[in-house]
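> Its first residue numbered 238, the sequence shown is counted upward by one per residue in our numbering.
Don't read these hints as lab results, they were simulated from the structure. Among these hints, one or two may not hold up.
[Unchecked claim] Computed beta-carbon distance windows for the label pairs:
| id | residue 1 | residue 2 | range |
| --- | --- | --- | --- |
| 1 | 454 | 504 | 28 to 34 Å |
| 2 | 499 | 253 | 55 to 61 Å |
| 3 | 499 | 289 | 31 to 37 Å |
| 4 | 280 | 248 | 41 to 47 Å |
| 5 | 440 | 576 | 17 to 23 Å |
| 6 | 289 | 526 | 37 to 43 Å |
| 7 | 576 | 268 | 26 to 32 Å |
| 8 | 504 | 541 | 43 to 49 Å |
| 9 | 439 | 474 | 32 to 38 Å |
| 10 | 522 | 268 | 30 to 36 Å |
| 11 | 454 | 393 | 24 to 30 Å |
We put the beta carbon where it would ideally sit given N, CA and C, even for glycine.
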Amino acid sequence: MNRIEAVAAVAAAAFLAVGCLLVLRPFVSAILWAAVLTFTTWPLLLKLQGWMKGRRTLAAFTMTALIALILVFPFVLAGITLTENVSRLEELFRALQGGLPVNAPEWVKQLPWVGRAIEHAWPGIAQDTGWLSTSVKSVGMKAGGWLLAHSIDFGKGVLQLILSVIIMFVFYRDGERVSARISAGAQRIAGDVSQRLLSIAGNTVRSVVYGIIGTALAQAIAAAIGFWVAGVPSSFLLGLLTFLLALIPGGPPCIWIPAAFWLFNAGHPGWGIFMIVWGIFIISGIDNLVRPYLISRGSNLPFIIVLLGAVGGVVAFGFIGLFLGPVLLAVGYALMREYTASRESTADELPPDLPV
238 MNRIEAVAAV AAAAFLAVGC LLVLRPFVSA ILWAAVLTFT TWPLLLKLQG WMKGRRTLAA
298 FTMTALIALI LVFPFVLAGI TLTENVSRLE ELFRALQGGL PVNAPEWVKQ LPWVGRAIEH
358 AWPGIAQDTG WLSTSVKSVG MKAGGWLLAH SIDFGKGVLQ LILSVIIMFV FYRDGERVSA
418 RISAGAQRIA GDVSQRLLSI AGNTVRSVVY GIIGTALAQA IAAAIGFWVA GVPSSFLLGL
478 LTFLLALIPG GPPCIWIPAA FWLFNAGHPG WGIFMIVWGI FIISGIDNLV RPYLISRGSN
538 LPFIIVLLGA VGGVVAFGFI GLFLGPVLLA VGYALMREYT ASRESTADEL PPDLPV
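Turn these sequences into a full structure, and let the hints steer you where they fit.
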């Protein structure tokens with residue numbers, strides 16, 4: 238093969254690779270999610286296959302159905318909660334457009350620190366119906382636009398989830414062949430160090446998943462304690478729902494915000510404020526501290542690398558970046574250590590400088 242033929246072959250291969258990437262680009266997120274979930278639940282598949290006397294296809298289908306049920310339930314619950322709160326907010330906006338009542342409601346009067354001041358200022362605010370109507374319309378339009386945009390994103394997320402479940406079935410059924418292809422490709426690219434890099438990536442992904450589950454459990458316990466202290470009924474059930482919704486980004490507020498509204502409507506404004514503060518700083522605050530800590534413990538990586546990887550990954554790639562960020566930094570960190578170690582060993586093997 239002469240030089241022109243070699244260049245043409247490389248160009249054709251590059252064109253083919255770019256074309257394949259463009260075709261798969263809309264499905265990259267779904268493929269990555271399917272790969273992460275399949276990898277972390279692979280031991281369960283093998284146990285299930287043993288119980289089913291080695292029938293891999295049946296075990297793969299059963300495993301896919303179970304995970305689909307677990308993943309879809311929180312999304313359905315979040316959608317129902319969001320719909321209920323949207324209808325309540327719509328009723329509130331319509332009532333406010335008609336004007337405020339002459340006297341402040343009792344729950345407003347009972348607000349700590351500011352209740353009495355609002356009570357005195359209430360009659361003047363209630364008489365200015367034009368300002369109130371304009372403000373309510375402005376806020377309502379902005380809130381409607383925000384809800385519409387996030388509803389579209391929510392729908393896209395559900396479609397990606399469905400596609401991920403379908404891909405998971407293929408990965409479950411043909412996992413060994415996919416793993417062999419990845420190992421062979423990594424061996425051709427990285428050589429002897431490839432298996433160690435794959436092991437680091439696998440351990441990091443597994444640690445991220447365990448970190449998410451551990452964080453969701455911690456948030457559920459904190460939420461149940463807060464609901465119980467504030468006097469919200471069915472605190473254990475609400476804590477369980479918090480655990481399920483904590484597996485998706487922005488899930489826990491779908492539980493503790495309606496609980497705070499319920500406390501306000503029940504005539505307990507002090508406990509309503511407590512629930513908001515507890516939800517912001519304790520329930521949702523756990524996510525920013527406990528998750529990176531658990532991931533760093535499980536992957537034997539420095540805490541700062543996991544923290545930067547998790548936060549930067551989410552900013553760069555979305556929620557899937559919670560996995561990609563730590564994995565990329567972990568592999569880069571391992572390569573850096575491998576390179577510096579090899580340079581140090583090479584320097585040790587060199588003979589000492591000859592005297593001049």
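> Decide, hint by hint, whether the structure agrees.
How the hints compare with the structure:
The supplied range of 28 to 34 Å is met by residue 454 and residue 504, whose beta-carbon atoms lie about 33 Å from each other. Distance hint check for residue 499 and residue 253: the Cβ-Cβ separation is about 58 Å, which falls inside the suggested range of 55 to 61 Å. Evaluation of the 31 to 37 Å hint for residue 499 and residue 289 yields a failure: the beta carbon distance comes to about 46 Å. One distance hint, 41 to 47 Å for the beta-carbon pair residue 280 and residue 248, holds here, with the actual separation near 44 Å.
Between residue 440 and residue 576, the C-beta spacing of about 20 Å keeps the proposed range 17 to 23 Å intact. A hinted range of 37 to 43 Å holds for the C-beta pair residue 289 and residue 526, which are about 41 Å apart. For the pair residue 576 and residue 268, the supplied restraint of 26 to 32 Å holds, since their beta-carbon distance comes to about 30 Å. A beta carbon spacing of about 47 Å between residue 504 and residue 541 agrees with the range 43 to 49 Å that was offered as a hint.
Taking 32 to 38 Å as the suggested C-beta distance range, the pair residue 439 and residue 474 conforms, at roughly 36 Å. In this structure the hint that residue 522 and residue 268 lie 30 to 36 Å apart at CB holds, the actual value being about 33 Å. Between residue 454 and residue 393 the CB atoms are about 28 Å apart, so this pair conforms to the stated range of 24 to 30 Å.
Hint 3 alone, counting from the list given before, is not met by this structure.
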